[in-house]
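Residue numbers (my numbering), protein chains in the order written: chain A, 1 to 307; chain B, 1001 to 1344; chain C, 2001 to 2251.
Keep in mind the hints are simulated off the structure, nothing from the lab.
It is possible that part of the hints are untrue.
Claimed, not checked - Computed footprint of chain B on chain C; a stretch qualifies when at least three of its residues, placed anywhere within it, have a C-beta under 8 Å from a C-beta of chain B:
1. 2027 to 2037
2. 2060 to 2067
3. 2086 to 2092
4. 2095 to 2102
Claimed, not checked - With a Cα cut of at most 27 Å, we get these calculated DSSO-like pairs of lysine-lysine:
5. C/K2079 / B/K1213
6. C/K2068 / C/K2130
7. C/K2112 / B/K1213
8. C/K2062 / C/K2012
9. C/K2062 / C/K2025
10. A/K92 / B/K1334
11. B/K1023 / A/K92
12. A/K92 / B/K1102
13. B/K1324 / A/K92
14. C/K2079 / A/K294
15. C/K2012 / C/K2068
16. A/K129 / A/K294
17. C/K2079 / C/K2112
18. B/K1184 / B/K1051
19. C/K2112 / B/K1133
20. B/K1340 / B/K1133
21. C/K2243 / B/K1133
22. A/K294 / C/K2068
23. C/K2062 / C/K2079
24. C/K2130 / C/K2112
25. B/K1133 / C/K2130
26. A/K57 / A/K129
27. C/K2079 / C/K2025
28. C/K2112 / C/K2062
29. C/K2068 / C/K2243
30. B/K1324 / B/K1334
31. C/K2062 / B/K1213
32. B/K1102 / B/K1023
33. B/K1051 / A/K294
34. B/K1051 / B/K1213
35. B/K1213 / B/K1133
36. C/K2243 / C/K2079
37. C/K2012 / C/K2025
38. B/K1133 / B/K1334
39. A/K294 / A/K258
Computed from a predicted structure; not experimentally measured.
Heads up, the beta-carbon is just placed ideally off N, CA and C, and yes, glycines get one too.
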Amino acid sequence: MQLQFFIQLLIAGIATGAIYALMAVGFALLWQTSGTINFAQGEFIMFSSFLILWLMKLLNIGLIPAYLLSLIISMLLFGLLFKRLLVDPLLKYGDVPLIIATIGLGMVIREMTRIIWGANALPFPSLIKNQVLNLGPIRVGLADLVTIAVAMTIIIALQLFLNKSFIGRSMEATAQNQQVARILGINVDRMILYTFLINAFLVTSAALLVTPRLLAKFSSGEAFGLIAFMAAIIGGFNQVRGALIGGFLIGIIDNLAKFYLARIHLPFSDSTLNLSPYAPAIPLILLIVIILFKPEGIFGRKEERSI
Amino acid sequence: MSQDPNNTKLQHEIQGQRLLKSKLSPSYHYLMWALGLAIVLALILAPLWLKSYGLILLCTWAFRTIAVQGLNLTMGYAGQVSLAQAAFMGVGAYTSTLLIMKAGYNYWLALLIAMLLSLLIGFLIGFPALRIKEGHYLAFVTLGFGNLIWLVLRNEQWLTNGPLGIRDIPRPSIFGYSLFEPVKFYYFSLAMLALSSLIVWFILRSPWGRAFKALRDNAARSESLGLSKTTYTLLAFAIGSALAGVAGVMQAGLVEYIDPDSFLLWRSLLLVMMLVVGGSGSLIGPFIGAALVTLLPEWLRFTGEYYLVIFGIGVIIVMRYFPKGIAGFLPYLKRRFFTKEVQA
Amino acid sequence: MATSKQSLLSIKHISKAFGSVQAVKDVSFEVFPGEILGVIGPNGCGKSTLFNCILGQLTPDKGQVVFKGQQVSGWLPSKLALSGLGRTFQLLQVFPSMSVRENLLVAAQAHKGNVLSRLFMPPDMGLMPKVDAMIEAFRLGHLADEEAGRLSYGQQKLLDIAMPLMSGSGVVFLDEPAGGVNLSMLAGVKDLLLRLNREQQVTIVVIEHNMEFIFEVAHRIVVMSEGSVLMIGTPETVRRDPKVIEAYLGH
């Protein structure tokens, strides 16, 4: 009984975690290659979901075509324009002005969304009609399985691209050391642009998968951004793998914490304590513990710079 | 020593360099003093022509300025990003309110405890983050802390009344003389602002101020001269957080109501923006930034719901073209209009 | 010469690798009080890495640093500086937006009082006589209130050397004090080091590429090659040693 519950929660957690991983990987990529700490990441995701909804209604098309169309728009907005208009001019002043500017951008996106589409949460279609599958004694949501499948496909494709293709390896070299990459004849600026495009692709995909679970709401960006952050730092922001695993970890912790914190048996009594409102606190506490004991993240490399 | 023949060579080399010395015109100081006095006088006399709404705005400006002054220590002088300034205001506001309303503490004692608690928490959460020299770990830790505080305030209903918040928060009195009325509360806010400004000015003119500046300009060099980056950034952050605690107490008294949502992340972000738009690393930056954010909604009332959009775009433009904020113009004006170059 | 005295600073078997590159290999030597010790070697032989390992900017993989009988390896740079190990960096590092006086105050202030007491001291902390004496010694008197960034390169270099001397004790490590300085200034720097050493008994460890300079200034010389110590000796013995001649002077 116990174990079977645990496995069900674990599968749901992996589904959530796969989406979180998509949110976090792009964030870590931007950070690695260009030093951009993108505080508007959550708003990018939130806006993408409204974009999909709007395209569906405007052009009277289905979810998938609308998603593909918004991929293009999002790559233009959050890839090309974001980099050219905001990041490039600001990066030379150091990282703090850029952090502030992305905070400002996040605010603009959030408020614009509220003005255009209103403050109410809108329903968002899911890829597939959910139904419960019985796999032996274990009950699994079909939607969760589809989410895992789609997210894993994207993640594996991305990993293959980064590790096997020439462009991917050039991007990796750029992330490791820009000077060396330049000496090797890599067009560093082009590689950085690619990471911005990939990030745009990932946020829109994350929006496609996450919004059916939470509805589309203008204020949900903050929570998404926080997840991207935590996943990247807990896993290790200087490795794509770190952010990936960090995302899965937070997703799993989320689901397990919500369930088990609601049923804490107090010693020497029959009553139980419901601490489930504090489930979101677990990743936050994990974050602080990680920073305290292993600041480079669970899977990150230690960096030492000579002077 | 000057008899040493080898040294005349060196001396010759040094003095042979022609150097332009900049000379500041004395009218600059007169102008600054006059301007400063005029503003202080206007603030003191403000109740003569402002109605209570205007006074509330000025009180808001006062407590926001204090919070931003604290943030300026962390960001402008210690070069670290804190995203929990509003959360520290929440710590201050809830601590003092609960002490006064539930435990019957004296207002001033509650204010002091709220401030010390914010200081202590600042040390506790700053320490793990600031041990690490590279990167913006303080930003991440404070982001987490702000969310934790919000969760606690929301869920510990027995203590904080949860999302409904606490109403009818009392205002202070001094020696039995109530400061409840708007005018009196305004003077209380003004006095607190003066006190906070004095403290910040005192810190920055002390050797600490020089240490902050040195560490911000070149941390590796400063450390090699015996200045500990961890120590000074931690001190700046903790003191900055304590000022936020005080600002939170003042906000609770002014609004007479607090709830967890008043101290959400975006409030912290707003304080960060006040600082950078006003000018971080400058003594007067916080006054300007807080004034802009407090008064702009009044002036931009015609923009209605577009206000925050315009403000956000404004922040981006300021960062893009004037990364030193509005206060960054002053040194420019000083150089441009009040400085002459003379031969040394 | 000071070799008969007890050693002030012992470097014991320091090693440091970056990835697969062994930058410093099992380096050991002693520094005696009151001496000027030269460290020479070709570019990339690990001299600066060695300094960074001794002074806390890098953590050595192996080895120990013992200062005044105390094990100090692994200490933070600021703590080492407070205990009396000062340094300059290979690249000029003054605070360009501060005046010459303020630069020296920054350098001196950590050595007076504790953190809390410093908050309540006047801005100059009563250190002005000391600062002015240093400015006088470096012949920078007429520039005392000028922003350091407006000084010439040579003047900034002097200020850079003056800063670690403000601690007033221990050992000062100078990383290429003569680098990028013109000939007449070079004589000045050399004279300054000798005078500081003679009059104030300052112990100096100096990295330098300019052999002429180091042979005239140093009492003893450590010769490094490919990360390890080739030999240690007086300038005369080093100059005459066939290994050294082969390695550096022989062309």
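What hint numbers does the structure not satisfy?
Hints 1, 2, 11, 12, 16, 20, 21, 22, 25, 28, 29, 31, 32, 33, 34, 36 and 38 are the ones this structure does not satisfy, whereas the remaining hints hold.
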